[in-house]
Structure formats: C-alpha cells, structure tokens
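Starting from the structure of chain A, add chain B where the hints point.
If you want the building blocks of each chain, they are given just below.
Protein chains: 2
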Amino acid sequence: MNVAIIGVGLIGGSMAITLKEKGFASHVTGVDASETHAQKALELGLVDEIMTLGPAVKKADLIILATPINAAEALLPLIMQEVDKQVVMDVGSTKKNICELASQFKSRGRFVATHPMWGTEYSGPEAAIKGAFVNKATVICSKEDSDADAVAMVEKVYGLLGMHIVYMNAEGHDVHVAYVSHISHITSFALANTVLEKEREEDAIFELASGGFESTVRLAKSNPAMWVPIFMQNRDNVLDVLNEHIAQLRKFKACLEKENYEYLEELIGKANGIRRIIK
Amino acid sequence: MNVAIIGVGLIGGSMAITLKEKGFASHVTGVDASETHAQKALELGLVDEIMTLGPAVKKADLIILATPINAAEALLPLIMQEVDKQVVMDVGSTKKNICELASQFKSRGRFVATHPMWGTEYSGPEAAIKGAFVNKATVICSKEDSDADAVAMVEKVYGLLGMHIVYMNAEGHDVHVAYVSHISHITSFALANTVLEKEREEDAIFELASGGFESTVRLAKSNPAMWVPIFMQNRDNVLDVLNEHIAQLRKFKACLEKENYEYLEELIGKANGIRRIIK
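Which chain is which? The protein sequence lines are A and B, in order. Our numbering applies: residue 1 is where the first sequence begins, and numbers increase by one. Our numbering applies: residue 1 is where the second sequence begins, and numbers increase by one.
I should point out that these hints are in silico values taken from the structure, not numbers from a laboratory. Among the hints, erroneous ones may be present.
Here chain B is said to cover these stretches of chain A; the calculated rule only asks that three of the stretch's residues, wherever they fall, bring their Cβ under 8 Å from a Cβ of chain B [what the hints assert, rightly or not]:
#1 139–147
#2 179–191
#3 234–246
Ideal Cβ positions, reconstructed from N, Cα and C, are used throughout, including at glycine.
Chain A with its partners taken away, still in its complex shape:
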C-alpha cells in the first residue's frame, strides 16, 4: 500500500517506521514544509521519497496528516478537494475544529479523525522512534461520519501500531485532553519558568535536581510550534482546567499561610487518590 505522511516528525516518522516494518506500507511518500526535515527523513529511511502535497495525495492509498494542528487545518481543505477513494487520517491533539472543517467537504466520509495518546517532549524526524505507540490508547472521533472502509483501514493501522482504540465524540475528546494532557504541559512550562526566574544559581539546581523535579518539568522542553496552536484551539477547556488548578494551588497556599496542617494533610491524602488511576 502507498502511504503518504504529511509532516515527517515525531509522530509521522514513528508511524512510518512501524508501518514499513510490518509490511503494511510498501512505499512511503513524505511531505514536509521544512526542506531540512524532509531531507533528514529521507536519510533516516523514514520515507522512500519526498514529494509535494498534490502528487503525494494522488499517489497514496492512505494519507496521514501529522503536522502541528494549525498546519493540519490549513492543509486539510487542499487534501479533501483532491481525495477520491483514498483514506485520510489526522493525528492532532484537538478534534472539534478539524471535524467541523472536514464536514464541509463532500469527501467527508474518506476522513477519519484520530488522536494517538503518545508523544515525547522532542520533535522532528530525528525524534521518531521504533516501538512508539505500543500499549497506549488512541482515540477515533465521530466514527459515524466516516465511511466504514475508511474506519476499518485506520483501525488496522492502529492495530499494527499496538494501540487500543477508544471511540469518542470530538467535543468530549477535547474536554478530556484538557485534563490529561494540556494542563500537564502548562504546569510544567510554568514550573520551569518559576525555577528559571527565581533561581539564579543554576549550578545549584543542576546539582540537586533529582528524579521528582525532572519528571515534573520534562514536558517543559516541548515545542511551542506544536503547543501554541493546541492551547489556541482548546482555549475554553484549558482555561476551565487552569482556573481549577490555580484554585487548587491556592488551597495549598492558604494551608501554609494559616499553618492549617490538618487540612494540608487532607489535601495530600485526597491527591493520593490518583493511585486509583495511575498505577
């Protein structure tokens, strides 16, 4: 099968590795706005050739749209206008806007909206890795708006990637990811800025920073080119969660200010409830 990957970075590149390895993709065409990324993807063997968007879409049986979500929205109309029997899937972190956009095209049925819940704080073709996605969840949104054969092909792709599929509507998806992904990134960015702002003696941080600090600020290395468009699109949900998060932090602050350590213990005990969710 001919697969076109639009955006040969962390996600697109990692998908290409597995789909070639499993024999699903006999030929992978890469499309990328960055010449450097395109060239690197070719060198790394993530893709077999580099083409421009139009011919790549024409040649492909499956088109995987794996750019940051603002670029995905700019490119989707161009793709949908060209699409005939091909299947198009996106992998973006928000789903409401792109589903609405896709609905404006008569080829809507060929499009499947998805979001694989895997990533790292790195980006670009060099960040692509073998064995990504395995045992993680992926979301397929508004399945009923896609043709049955298109959904079946996408389900096969995620099966090969080793992911389990959760079906959800686009609005519900966007609310949930505000909690389980977007807010973690904001707290991590803010935590990095807190430390960088106040702690001038960076050597001391470097010496003392242990595993706990590393795991909470790891996400702060994430690329703004990916994350600004996500926060832009999921603004209302993210603001809701961010307000709640600031309110929760204020409770800890009030405990310390008032030296109310019984309530502090209660707050921590409550937070321990996350054990039910994260093993």
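This is chain B only, laid out in the frame that chain A set:
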C-alpha cells in the same frame, strides 16, 4: 561495623541493602515506631535485628536517622544525649531546624547533617530497593560543625552508595530544595486534585492518560506523613516559590484570556530553557 538504622523505610532500608552488600555494615540494627515495618524489614533481610532506640544507639558505630523529619527532631535529642564516640547522620529533606537542634548538644561534633537527593513516591520497608542513590547528588550541610572523622565516615558511606557530595550551608540548602523538590510535589498534588475534582469520568482519564500526565502526577502518590512536616518546616521558602509559581501560571492564563499567543509562545520558549539544566 555496627550500623543502626532509625526508621527502616524507603531511605533507611535502601541504604541498609548497599551498606551490607559492600561489606561496610557487618551488622545492621533496625529501630522503627511501627511494629509492622520493623517486622517486615527483618523478614526482607534489610536489618539483622530489631531493638529499641537506647540499646541500638549504644551498640552502633554509625547511627542513620531516616524517619520523617518531625520524628527525626523528636528523636535526635535522645540520640545526642547517648552519643559518645558514635557518628550520627540524618537524611532529612530540610536542614536548618535539625542543625540548630543538634547545636544544643555538647556532642554536636558527632552529628553530620545530610540530604541524599533520591527518593520515589513510595514509602515503607517494601519500597526499599537495591541500587538506589547511584549517580545522584547528596548534600552535607555545615560540615565545619562536625568532627573531621565523623564527616569522613559519612563521606565514605555516600561514596559506597555511589553519590557525589555537594557541600552547602543549611539555610542555602532549604532555599534550593524548595525549588527543585518541594514545589514539584505541591504542583503534582494540586494537579491530581484538579483532575480528581473536575473529571468525574475516571474511566476516560484512565483510558487517555499518557506518559506526560503520568510523569507530572507521579509525585502526587507521595505520603503525607513525610511531606506535611517538610512543608511545615520549610514553610517560608515554599510559600515564596509557590507564590512565584502561581504568578507564572497566571501569565499563561492571561495569555489565553486575552488571546495573546505571541506572549504565550515567548513563555513556552523561555520554559524550554530548562533544557540547559535537565538533559
């Protein structure tokens, strides 16, 4: 050498494993306020026998005080009164109070204040692991107040544990750990409460939570019995950092509210600077 471990949990137990394995400790005596923990430590072979505090201190060449810091402060006077030639080291997360406390005893020179920068979100003897501490930093505070032979013994212990030693005064230590450890725990607890509070459909979190979420809330599993006393003792420094952190979060909030995405990009770009510190 006879080693007494007061508090045979994550830290004390993990130290016992290595110190026995390396032949430094020929005999390890465990002391613990919890009968269950003491019994478990004996069963797991972390310690060779269980005793009460007085006789354990008398018998030991080295006493490692590894309880939560509130208990450590309650026990330190009892130990310091008994100490003659023995060396006493603590491993608590705050250093100013315990150093001040130790200074009230004529045996002050036998005490070495330390803080190994390693831990996990788990506690108790079953959480103790082999190979803990390796390649991490440990702090020795106010070295000049300890006898040279006592410092030398503690340096030897940390050498065997595979740690590199950073020397610092107690006040400086408490400021730095507010940044690199204590605030990470507060944001993690608050993040867990945010999600648990607002997101009622726990199944959805469970399905969708990916690595990023897991790493930011991991610390929220940490034990309140350990952390409340730390926040209590380092209250002023933690409040300083917490205020700054809330101010940083408010900047992200303002960006979203005002749709100022240029500034949002700038804030994220700044946060990326953490790459200089965390590889």
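Q: Output the numbers, in ascending order, of every earlier hint that fails for this structure.
A: The structure conflicts with hint 1 only, although it agrees with all the remaining ones.
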